[in-house]
Every structure is written in structure tokens, then in C-alpha cells.
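Asks: Spelled out, the chains give:
Number of protein chains: 2
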Amino acid sequence: MPELRKDPVVGRWVIMATERSKRPSDFAKEREPRKGTPCVFCAGMEHLTPPEVRSYRDDTSAANQPGWRVRTVPNKFPALRIEGPPGRRGEGLYDLMNGIGAHEVIIETPDHDLGMADYEPRQIEEVLWMYRERVLDLSKDERFRYAIVFKNHGAEAGASLEHPHSQLIALPIVPLNVQQELRGANGYYGLKERCIFCDVVSQESRDGRRVVFESERFIAASPFAARFPFEIWILPREHGSHFERASAPEYRDLAMVLKATLGALKTALDDPPFNYIIHSAPLREEGSNHYHWHVEITPALTKVAGFEVGTGFYINPVPPETAAAHLRAVLNGAAEPAGLTQAPTG
Amino acid sequence: MPELRKDPVVGRWVIMATERSKRPSDFAKEREPRKGTPCVFCAGMEHLTPPEVRSYRDDTSAANQPGWRVRTVPNKFPALRIEGPPGRRGEGLYDLMNGIGAHEVIIETPDHDLGMADYEPRQIEEVLWMYRERVLDLSKDERFRYAIVFKNHGAEAGASLEHPHSQLIALPIVPLNVQQELRGANGYYGLKERCIFCDVVSQESRDGRRVVFESERFIAASPFAARFPFEIWILPREHGSHFERASAPEYRDLAMVLKATLGALKTALDDPPFNYIIHSAPLREEGSNHYHWHVEITPALTKVAGFEVGTGFYINPVPPETAAAHLRAVLNGAAEPAGLTQAPTG
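Protein chains in written order, with our numbering: chain X, 1 to 346; chain A, 1 to 346.
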């Protein structure tokens, strides 16, 4: 059983994968991602993954057969085990618990060669619905406190398979950065009785310099203190604490905004590696008036070295105003993609 | 003038290098580090760096000429500017200030081809004295609140030049991770009236499973909740809040422990890329009874992806007990390096 161990000073949890532990010689060279088709995530290769947990597919097709549009399977090499008690315990001054949790893979499309920016908006919308459905299902398990939904695109961003996919990790703890966000947002609310993210949405929309794209329900902007060149956050205009409680029109709108934003990044930066993470409040918590769910997209253009990781202090060579202006130009210059309507900025 | 901008939610500061801002096309390919000798940091090439701030050299040699053993120069492409007022100001709900600070490079040896594990212990000791001297000198500047001393070894760890060097960044703010450490350590002190790091030293020394090397004054151990395979922390046994206030015997001892630890990593992992960061209390603060300076060494064996950066949640495939046992075996099996004495463990 893997363990979850907590750093006693800062409260950061780490999964210690004690079972499939690597030998030192395994680190001599980092493996390149496997390439080529058909891969284990391609249509027709369903027998090579663990049996699917959920899929959106043609009514005429059967589970674990072709005919699916979006397909969720357990991770074949999960970092956490789904079964077992939390087993919270101490070891001297340290805290640890059993490495329980869920680790699922959302295969976003049967088409190996597409990037998310190339999907039809409806395809992205189905991926978002799949996220929602899996988070809601896993949140029934009282042991789990948080669900991280994220996507790695490109080897430099940590993707170990080319075929487009997202991941979901359900955890019995709340990750450190989420704790910090919650604490910060709560502090601001105590001072102002307003959600800080709502204030950010309002200031960014009014200011306009960092806006990449605006829709009826969302704003995509490069954050004021962006850590990375071309970092983009997508925030819903209407306050809501949980991604999985958003409305159908919001998912439809977000799919369009994701397509526009990822498309602009792809054009501007020649299909850069990137990650996105959905930031949402802890599972089953009452709707909070101070936390505001959103998506953070971070292109992996610069190497993140131990300096940044060790200090939490970043040097960004591209101001967000420059990045946003560039992406707006790409969006305005390009032939308008089908289904995209861009509201005026500023 | 670069800017320091603060994330309004979590309080993370970012240097926004507005002047030497890159164009999007610059990111198409990340540059490989320049290779080959003689390089700008080699003996005889002193005219290619900005004039030295300080050097340890033969009495017969002149500044900015060969004859030095350790040499500190301003970074030729500094992320921060040394001159100017802090200029703290607001922009709506955001906080920012002028990007003032110092950015220096400590050239650790004239020999291009050595790694720190290969230096004579006396050479490492001189590097540590240089760190101390530069931090104390910069701490006279009332604008600066924190000094980060760190080393990147190898391109994968962010080193842009092969020639062995460290860096020092003096900042008008305290980095986020340091704030967290201070808060965590303070909370523990409030509860226990003991330093948490002192308790860690004591428990690790007694337990022994995670110990890599012990000396009279230091313990090198892989932390209980190590984020990375073969992560090692070196902690002084005697409580002290500031690296720059350590004693001469401590620097001498730390040099030996660094040589042993980095030597074991080099042997075990075939000269891996790594970073180390000296964690110390903010400049000019009174000696704190709850913060305990130490060195964190993080080998860059696994890719740090947006997932880890975005969540502060890590998956470590090598438990610290396994890493430490391996490094102890290397240290015990190898012919004892000159000047090394290893105290019995456990």
C-alpha cells in the first residue's frame, strides 16, 4: 500500500509510492513517451486498458468496444489504491496515512492525432461533462476530500502518452496549494465581504490589458502575477465554488472558451506543451462564498528548476500584458473559428 | 525597471522581467547551455564578466585577474536592479513594487570541469564563507528582506552555464515557501515550545532509517515526506535561525558533509543534475527560536510538471528510506574520501 506522508513544517502531502519503487539505475535516463499508433488509448485497443468506468458512446456500441467518444478508465499504474481505510496515524512527530484514492484517465477522443484545440466544441463539452460526472461519483466516497482534474499536453509537460487524455486524482487530503488558496480567499472575504476572484474578474474585464478572450459566462486572462509566460486563467463570471456544480450553459460556454484559448496558444507558440488544472473547492463542502472555481493553464515554455520549486518564487520573462496582447492579435487575426463569438474587451 | 508583483490570493511574489522580455518566437526551442572551455567563468576570462564584487585570491594577484579561488560577480543579466526605491504601490486590488534586488554569481572554482563533490573540502568551505560574507554585506541594505543562496548543477536543473557556480538573489520580499515554513515552524513552537527542526534532527538521528551521513555538527537525511527521489536535507544539530550566523567550525563541518553527500549522489546516480537551496530566516530578523536554517538538496531526476507546481502535491516513486540506505551503502562501500569521518548511525 502506498503511503501519504505529510511534511511536518509546511503541511505538504506527498504520495510515497512504496510498491512500484524505482531503482537508482532507473533514473539514468528519463524515458521518452511512447509514440505511434494505434496506442492503448486508440479505438479498437480497448482491451489493453483496464475496463472502462464510464464512457459516452453510440447507443449501438458495447462497453470496452469501439464506438465511444469519451472514455474513462482506471489508471493502469495508479499512484493510489482505491480500497482500504484512511489509517491516519503518527510516527513520532510525523503524520501519515494509507495511500488511498482514485486515479482515473479520461481519454478525450478516439483520435490519436488531435489536440484539444482541434476538437469540435461539442467534444470538449463532453470531456467537461465527463469530468463533472466522475468528480460527483467519486465525491460519494466519504474518504475523499479533494479531486484534482488536470491535463498534461506534450512530453515536456509530463504527458507519458501522446494520445490526448486528462487525469483525475481523488485524494483523502486537500493539497497544499489549494489550502493556501482557500486561506487567502477566506482572509480577503473576512476583510471585504466579497470574493477575491469576483473582484479579479471585474477588474480584469474593466482593465482589459490582460484579457485574452471574453464570453458571456467566462473570462480568459493572463493573471497579474503570472508565474509563467503565457499563463492563462479562465474564470466564470458568476460566482461558484465547485466546478462540478456549474450549469449546462457554463460547460457549453467553457468548451468554447477553452477551444479559443488553447487554439490561440497553439497558433502563437507552435503547439506548446502545457498543463491545465481545474481549481475547485474541496468535495462536499458547502458552497463557499469566498472560493471561486477556475481553470489554470500553464504552458511549459521555460524549465521549472529546483529554485522555483524550493522558494515558490518565480521569474517570468514575459509580462502578462504582452502575452495577452499577442494572443488577442492571434484570435482577432485568425479566421473566426466556427462557434466562436468574442465579446469586445475593456 | 522590472516589477515585483504579488498574487492577490496566495501572496506569491513574481519577478516580471518587463525589460528583457522575450518574444513568443524565442520559446520555439529552449537553448542548450553553452559548453566548452575556456568559458566566461574560467581563469583568464575575468574581463568577460562584470567587475568582481569580492574574491578569495592569492595575495600577489590583482582584482579581475587570474589567481582567485572563489570569485563573486554581479549577474550579467540580472533579474533585478540594485538601485531604486522599493516603490510599493497598488493597482486596483493588486500589489506591486519596483524590481529591486541583487543578483550575484559565485564562481566556485577556476576549474571548469570539476563538480562540487570533487573539490577539496577547503574549497567548499571557502564557497560557504563567500555565501556568508555576501549575505552579510547585502543585509546592510535595509531595502532587502531575504537572501536566497542556491546552486543549479546540470542543464536539467536549470544551470545555463556548465562552469560550477552558485547564485545569490537578495529580495525586498520574503518568498512564499519561506513564509509557509516560518508560519508552520511558529505554529509548532506555539504548541510545543520547541523548534520543530530540532525535533526532526533528534527523531531522525534516533531512528536512523533516513540518515545519509552524520557528523559532529550536522545530520544529512532524506526527509520523511521527501518530494523527490533522493532529496536530502542537511540540518545543523545546534539550533540557529540564520545560515550567515553559523560558526567557523560549522562551516568547516558542513563543507565535509556536503562533499560526502554530493559525492554519494554523484556515485549512486551517475552525476545527476541537482539543486540546493539554503533555507534561512529573513535578513536582520532577531535570532528566532522556532526557525532552523538548513540546506535542501533536490536531485532533478523526475520531470516537475505543471501538476506538481499547480497543486503543491508530489508523487515520489522512491521512499526516503530506500534512497538513504542506498547512499549509506555507497558511502560505506567506497574508499573513505580524505578528511571524511562518518559517525555511527542509529
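Any given hint could be a false lead.
Identical copies look the same in the list; a pair holds intra-copy or inter-copy alike.
What the hints assert, rightly or not - Straight-line Cα separation of at most 20 Å, SDA-like style, residue types lysine to any residue; simulated pairs:
1. Lys35 - Val174
2. Lys303 - Gly44
3. Lys192 - Leu93
4. Lys192 - Arg122
5. Lys6 - Asp199
6. Lys76 - Gln167
7. Lys6 - Leu182
8. Lys6 - Ala248
Calculated directly from the structure, the hints in this document are not laboratory data.
Asks: Hint by hint, note whether the structure agrees.
Replies: So, going through the hints one by one against the coordinates:
In this assembly of identical chains, Lys35 and Val174 lie within 20 Å of each other by CA distance neither inside one copy nor across copies; the values are 34 Å within and 44 Å between. Neither within a single protomer nor between protomers do Lys303 and Gly44 lie at most 20 Å apart by alpha-carbon distance, with minima of 37 Å and 31 Å respectively. Taking CA atoms no more than 20 Å apart as the test, Lys192 paired with Leu93 passes between copies only; the shortest distance there is 11 Å, against 38 Å inside one copy. Taking CA atoms no more than 20 Å apart as the test, Lys192 paired with Arg122 passes in neither setting, with 39 Å inside one copy and 56 Å between copies.
In the homo-oligomer, the alpha carbons of Lys6 and Asp199 lie at most 20 Å apart only across protomers (15 Å), although the nearest pairing inside one protomer, at 33 Å, exceeds that limit. Within a single copy, Lys76 and Gln167 get their C-alpha atoms as close as 12 Å, which meets the 20 Å cut-off; across copies the closest is 42 Å, which misses it. For a Cα distance limit of 20 Å, the shortest separation of Lys6 from Leu182 qualifies both inside one copy, at 19 Å, and across copies, at 17 Å. In this assembly of identical chains, the alpha carbons of Lys6 and Ala248 never lie at most 20 Å apart, being 38 Å within a copy and 34 Å across copies at closest.
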